[in-house]
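Number of protein chains: 2
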Amino acid sequence: MSLLVVGTVAFDGLETPFGVRESILGGSATYIGMSAGYFIDKVNLVSVVGGDFPASNIDLLKSKKVDTEGLQIIKEGKTFFWKGKYHVDMNSRDTLDTQLNVLESFDPIIPESYKDCKYLMLGNLVPAIQLRVLEQLTVRPKLVVMDTMNLWMNAAMGDLKKMLKMVDVLTINDEEARQLSEENNLVVAAEKIRTMGPSILIIKKGEHGALLFGKEGQVFFSPAMPLSEVVDPTGAGDTFAGGFMGYLAQTDDISFKNMKKALIYASTMASFCVEKFGPERLENLKKSDIEFRRDELINLVDID
Amino acid sequence: MSLLVVGTVAFDGLETPFGVRESILGGSATYIGMSAGYFIDKVNLVSVVGGDFPASNIDLLKSKKVDTEGLQIIKEGKTFFWKGKYHVDMNSRDTLDTQLNVLESFDPIIPESYKDCKYLMLGNLVPAIQLRVLEQLTVRPKLVVMDTMNLWMNAAMGDLKKMLKMVDVLTINDEEARQLSEENNLVVAAEKIRTMGPSILIIKKGEHGALLFGKEGQVFFSPAMPLSEVVDPTGAGDTFAGGFMGYLAQTDDISFKNMKKALIYASTMASFCVEKFGPERLENLKKSDIEFRRDELINLVDID
Numbered sequence: 325m326s327l328l329v330v331g332t333v334a335f336d337g338l339e340t341p342f343g344v345r346e347s348i349l350g351g352s353a354t355y356i357g358m359s360a361g362y363f364i365d366k367v368n369l370v371s372v373v374g375g376d377f378p379a380s381n382i383d384l385l386k387s388k389k390v391d392t393e394g395l396q397i398i399k400e401g402k403t404f405f406w407k408g409k410y411h412v413d414m415n416s417r418d419t420l421d422t423q424l425n426v427l428e429s430f431d432p433i434i435p436e437s438y439k440d441c442k443y444l445m446l447g448n449l450v451p452a453i454q455l456r457v458l459e460q461l462t463v464r465p466k467l468v469v470m471d472t473m474n475l476w477m478n479a480a481m482g483d484l485k486k487m488l489k490m491v492d493v494l495t496i497n498d499e500e501a502r503q504l505s506e507e508n509n510l511v512v513a514a515e516k517i518r519t520m521g522p523s524i525l526i527i528k529k530g531e532h533g534a535l536l537f538g539k540e541g542q543v544f545f546s547p548a549m550p551l552s553e554v555v556d557p558t559g560a561g562d563t564f565a566g567g568f569m570g571y572l573a574q575t576d577d578i579s580f581k582n583m584k585k586a587l588i589y590a591s592t593m594a595s596f597c598v599e600k601f602g603p604e605r606l607e608n609l610k611k612s613d614i615e616f617r618r619d620e621l622i623n624l625v626d627i628d
Numbered sequence: 325m326s327l328l329v330v331g332t333v334a335f336d337g338l339e340t341p342f343g344v345r346e347s348i349l350g351g352s353a354t355y356i357g358m359s360a361g362y363f364i365d366k367v368n369l370v371s372v373v374g375g376d377f378p379a380s381n382i383d384l385l386k387s388k389k390v391d392t393e394g395l396q397i398i399k400e401g402k403t404f405f406w407k408g409k410y411h412v413d414m415n416s417r418d419t420l421d422t423q424l425n426v427l428e429s430f431d432p433i434i435p436e437s438y439k440d441c442k443y444l445m446l447g448n449l450v451p452a453i454q455l456r457v458l459e460q461l462t463v464r465p466k467l468v469v470m471d472t473m474n475l476w477m478n479a480a481m482g483d484l485k486k487m488l489k490m491v492d493v494l495t496i497n498d499e500e501a502r503q504l505s506e507e508n509n510l511v512v513a514a515e516k517i518r519t520m521g522p523s524i525l526i527i528k529k530g531e532h533g534a535l536l537f538g539k540e541g542q543v544f545f546s547p548a549m550p551l552s553e554v555v556d557p558t559g560a561g562d563t564f565a566g567g568f569m570g571y572l573a574q575t576d577d578i579s580f581k582n583m584k585k586a587l588i589y590a591s592t593m594a595s596f597c598v599e600k601f602g603p604e605r606l607e608n609l610k611k612s613d614i615e616f617r618r619d620e621l622i623n624l625v626d627i628d
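Keeping their order, the protein sequence lines are chains F and B. The opening position of the first sequence corresponds to residue 325 in our numbering, with each subsequent residue numbered one higher. The opening position of the second sequence corresponds to residue 325 in our numbering, with each subsequent residue numbered one higher.
It is possible that part of the hints are untrue.
Copies of one chain are not kept apart here, so a pair can be met inside one copy or by any two copies together.
[As the list claims (entries may be wrong)] In silico DSS-like cross-links for lysine-lysine, where the CA-CA straight-line distance does not exceed 25 Å:
| no. | residue 1 | residue 2 |
| --- | --- | --- |
| 1 | K516 | K600 |
| 2 | K529 | K584 |
| 3 | K386 | K399 |
| 4 | K581 | K442 |
| 5 | K442 | K388 |
| 6 | K466 | K581 |
| 7 | K439 | K486 |
| 8 | K489 | K516 |
Everything labelled a hint here was simulated from the structure, so no lab data went into it. Note that the coordinates shown come from a computational prediction; the quantities given were computed from them, not determined experimentally.
Only chain F is shown next, with the shape it has when bound in the complex (with noise of 0.2 Å):
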């Protein structure tokens, strides 16, 4: 079935204790496209880079079967740069440098072809940018799911709230729940942002795995696979929202059942990520590495 991906398409500047990059491919469309993409073929993007994002990439995002018609180029501008770098305990990181550039005054166009879309995945971005896709959509989508951050619940409280009533699925990571909910305990935060619009919350815990809450009091755990190397957390969530999307479209499928099986497919994604910097080790998975990876981590918390 098909989806649609909006958010950026990036360069990051990468530091983690186990080496430096300088500017290599990344954004959260990018992630979440190349995750997408092993489950169905065909990941639509809209999103904007300058004249500098070389063809080799857009080679790259079309062979995991992400569509780049809907890729603005802006030949004068740069691409959007993010730098960062990681603490040692890969936990916390701090921002070295933002470039917005052609990100400063992207208006997102929708393709024709891309407006009936029937699984949405808005990519962090500005809210009121989030705002512009869907009103381009002809058919409100079977599933919208929204990524954000804390930079817009101090930026763009307004505008998020506005969309939060909008999506079906939002997908923040704890300490954003606690930020938004403006609640320590996570149950009850889960809760309240629930009653903010979205019928289905994900938590994301990182390394400790996430949570799945729906309805009556419904929730889901996947745990995250302990892994004996995490090279570069960059991208993680972003993969994660990548499988869990890419799981759902594939299937066809919303069912709060069938979101747990999204969940697991969401964790083992992210858990390839980590293993390498940027979006290198999403370049040449197998199905069956993933297949093998989402065993083991079903087999991780079964007593039988």
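Once you have looked at the hints, place chain B on chain F.
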């Protein structure tokens, strides 16, 4: 099967966002014993208190199937006192006061009838005292489980390393595992700690669940129950250990497969502990409460 628990019995002063308690029953052996008492008919306890320890507390322990023959009462001494304050997020705490009192000169004397115990749980104590316990046993127990803390890694690493060689299972939290192994990655840390002695390692991650590491890469994860109200985390780790040991002693099966089941009961018991102050919630549990919560925990990660 006979279970011997050695650890502290204490008075705790507690401050959490939910209230204050000036001086209530606490101590590692208290929590371990009361928790294990839900699984077997008699938990043998070795510890020490002062003349200020009320008979009502001893009656409480006895009512929870904790045998107090091995509880030394130093009439002229005062019971060990610890005071702590939890931060708003409940994940960290400050120690406000520590009065060792009778613990300072504690020499554990194992009653004759306890000396052939099949299961031994060494709660957090000075490693040298833990060693004194092992020396007095007439036969090597079927399973020796030890808890410890960062304090002894700083103050008594030599003794601690000696102890590690003598135990089957070590339970510590994630930060302690990192400190003991000098490794940031928990999977690598676990492998390293297993080479130091214990063939099984349990890493407790509080609200993030617990990992069980065994031979040849065996790994199992128990989630923690998402709770809408956490009143006081004191004793959760000890209550966890008590559930683990209680279930193993009840079933008398120390296979890795059975330890997985024990880990779920451990998480189940810990989830009750934090719902009220001190060991209060452990006073009046029903078997059916425990089974119901255990099923909830299993369902939390069940994709079917």
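These are the hints, each one checked on the structure:
Taking the closest pair of Cα atoms, K516 and K600 come within 25 Å of each other only across two copies (23 Å); inside a single copy the shortest separation is 36 Å, beyond that limit. In the homo-oligomer, the alpha carbons of K529 and K584 lie at most 25 Å apart both inside one protomer (16 Å) and across protomers (23 Å), since each shortest distance falls under that limit. In this assembly of identical chains, the alpha carbons of K386 and K399 lie at most 25 Å apart only when taken from the same copy (20 Å versus 79 Å across copies). Taking the shortest alpha-carbon separations for K581 and K442, only the intra-copy value of 19 Å comes in at or below 25 Å, while the best inter-copy value is 44 Å.
Taking the shortest alpha-carbon separations for K442 and K388, only the intra-copy value of 20 Å comes in at or below 25 Å, while the best inter-copy value is 58 Å. In this assembly of identical chains, the alpha carbons of K466 and K581 lie at most 25 Å apart only when taken from the same copy (17 Å versus 42 Å across copies). In this assembly of identical chains, K439 and K486 lie within 25 Å of each other by CA distance solely inside one copy; the values are 21 Å within and 68 Å between copies. Proximity of K489 and K516 under a CA criterion of 25 Å is satisfied intra-copy only: 13 Å inside one chain copy versus 49 Å between copies.
This entry satisfies every hint, going by the numbered hints stated previously.
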